[in-house]
Structures are given as structure tokens and as C-alpha cells.
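Colleague: Residues in the sequence shown are numbered consecutively from 3, following our numbering.
Think of the hints as simulated: they come from the structure by calculation, not from any bench.
Think of the CB as a built atom: it goes at the ideal place given N, C-alpha and C, for glycine as much as any other residue.
Treat the hints loosely; a few may be bogus.
Stated by the list, open to error - Pairwise CB distance ranges (calculated):
1) Ser132 - Lys52: 29 to 37 angstroms
2) Ile95 - Glu9: 29 to 37 angstroms
3) Asn13 - Ile60: 33 to 41 angstroms
4) Leu111 - Ser132: 13 to 21 angstroms
5) Arg62 - Arg18: 18 to 26 angstroms
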Amino acid sequence: MKNLYNEVDKNEILHRLENLKVDAERKWGKMNIVQMLAHLNASIETPLGKNFPKRMFIGRIIGKLMKKKFLNDQPMAKNAPTDKMYVVTDISIDDFDKEKQKTKELITLFYTNGKEKCSTHPHSFFGKLSPDEWGILQWKHFDHHLRQFGV
3 MKNLYNEVDK NEILHRLENL KVDAERKWGK MNIVQMLAHL NASIETPLGK
53 NFPKRMFIGR IIGKLMKKKF LNDQPMAKNA PTDKMYVVTD ISIDDFDKEK
103 QKTKELITLF YTNGKEKCST HPHSFFGKLS PDEWGILQWK HFDHHLRQFG
153 V
């Protein structure tokens with residue numbers, strides 16, 4: 003399974019990010035390209051220990067059961083609901099380059115920090131995750147949104 007803590011897998015995501023252009027067309031969903039980058043940035047900041055989202059009510063009920071379904075080799079489903087904490091709307095298309103650079107820096111920091119520095123704060127939906135589970139989930143999340151914009 004691909005994992006953002008794996009150097010080859012991390013480099014694949016960074017390479018795909020390099021190919022992301024401001025005028026890329028969205029294939030599904032509601033976020034524009036800059037909102038998507040800001041969303042990815044906010045989400046990777048959780049295992050980096052930079053934000054601490056509250057557990058979602060529905061996640062407390064079924065999150066642990068759903069975790070295995072998400073932590074597999076299958077791509078994430080399109081149009082899945084997004085935790086409101088990770089929805090960024092007050093951002094301009096002019097922020098594309100800045101957000102893209104921040105995304106690359108956060109991915110590199112996640113990898114460089116390694117599993118030892120991964121936050122133990124629970125995921126808002128799935129709850130407690132091991133560092134490897136965070137790495138897999140982050141890779142799948144980046145893959146999902148990069149496919150959303152054709153890279």
C-alpha cells in the first residue's frame with residue numbers, strides 16, 4: 003500500500019503536484035483548485051500536530067468500522083463528505099502558487115519528520131490512527147484530489 007512516509011510514494015505525489023496547473027479542470031466535487039490545495043494543507047496539518055479537529059459525531063459511531071474500508075489499495079470514492087474544519091472557501095485563485103508551494107513543503111515536512119513525530123491526535127472521522135495509517139490515508143487523500151484535477 004502506498005504511504006506518504008515512503009520516499010518513492012512521497013516523490014510520486016510531489017511530481018504530480020508539479021504537473022498541477024491553475025487552469026486544471028475539476029472532474030468532480032465542489033472545490034476549486036486553490037480550495038482543494040488549502041483543504042489538503044489543512045488536512046495534513048493534523049498528523050503534523052498543527053491543528054486539532056474535534057471528532058465528528060458520525061465518526062464516533064462508525065469511524066472505527068469504516069477505517070479498514072478506507073485503508074486499502076482502492077482509490078477513495080468521489081464526492082465523499084468533507085469535515086467542515088477542512089473546507090476552505092475564503093481563498094482566491096491568485097493564491098494558487100502560494101498554496102501549491104505550501105502543499106509541497108508540508109508533504110516534505112511530513113516525510114522528514116517521520117513516523118516518530120506523527121501526532122497522536124485522533125482523526126476527526128476514523129479516530130485513533132497509527133503513524134502508518136496516517137501515511138496511507140494522507141497518500142490516498144492526495145491521490146484522490148490530484149486525480150480530481152487530472153494529475
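Colleague: Each hint should be assessed against the structure and marked as holding or not.
Modeller: Cross-check of the supplied hints:
1. Ser132 - Lys52: 29 to 37 angstroms: violated, 19 angstroms
2. Ile95 - Glu9: 29 to 37 angstroms: For Glu9 against Ile95, whose Cβ atoms are near 32 angstroms apart, the range 29 to 37 angstroms holds.
3. Asn13 - Ile60: 33 to 41 angstroms: Taking Cβ atoms as reference, Asn13 and Ile60 lie about 35 angstroms apart, which means the hint holds.
4. Leu111 - Ser132: 13 to 21 angstroms: Holds, at about 19 angstroms.
5. Arg62 - Arg18: 18 to 26 angstroms: violated, 34 angstroms
Of the hints listed earlier, those the structure fails to meet are numbers 1 and 5, in rising order.
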